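Engineer: Sequence:
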Amino acid sequence: MSIKDSWMLDMFLLLIDLLVILLVAAWIFGFRVNITPSLPVGIYQLSSEGFARDDLVAFCLASENPFSVLADERVYLGPGSCDTGLRPLLKHLIGLPGDMVAINPQGIMLNGVLLPNTVLSAHNSQDRKLAPTLLRAVSI
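Residues 23 to 162 (our numbering) are what the sequence shown spells out, left to right.
Everything labelled a hint here was simulated from the structure, so no lab data went into it. Each hint should be verified, as a subset may be incorrect.
Using C-beta positions, here's what the derived DEER-type ranges look like [what the hints assert, rightly or not]: (1) 71 to 145: 36 to 42 angstroms; (2) 149 to 37: 41 to 47 angstroms; (3) 146 to 81: 17 to 23 angstroms; (4) 55 to 77: 14 to 20 angstroms; (5) 136 to 80: 22 to 28 angstroms; (6) 78 to 142: 20 to 26 angstroms; (7) 47 to 153: 23 to 29 angstroms.
These figures come from a predicted structure and were not determined experimentally. Yeah, the Cβ is synthetic: ideal placement off N, Cα and C, and Gly gets one too.
Let's have the full structure, built from the sequences with the hints guiding it.
Structural biologist: Below you can see the structure in the form of structure tokens.
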């Protein structure tokens, strides 16, 4: 190996080291990258401040949640840091303490008002049948 080749290899390895350090630091400071179609692709930063309606929230599906099993079987979520081994979800917050959220065949209702574009779908984006959602109201 020539000196020039050795120098280039050293620079490449240094660049890889710096990239790994940058990614670890970004993770520690709460930065997350979304590459899924569920929200705009981008870099998001986690915050522990209070919540407001329409904030983005990151959360894990509980292992006893039937959607956790479905997400794992159909590979909706890749591997991640949740207890289930899956990636956390990133979604808009619609309900706050004191709100009533209900799911029915017409869509999601917040305090008796139907939210636009929330009608339940019988199939996913790959045209695979979805199990019926439990229709219920939840007081937050």
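Engineer: Kindly indicate which numbered hints from before are broken by the structure, ordering the numbers from low to high.
Structural biologist: 7
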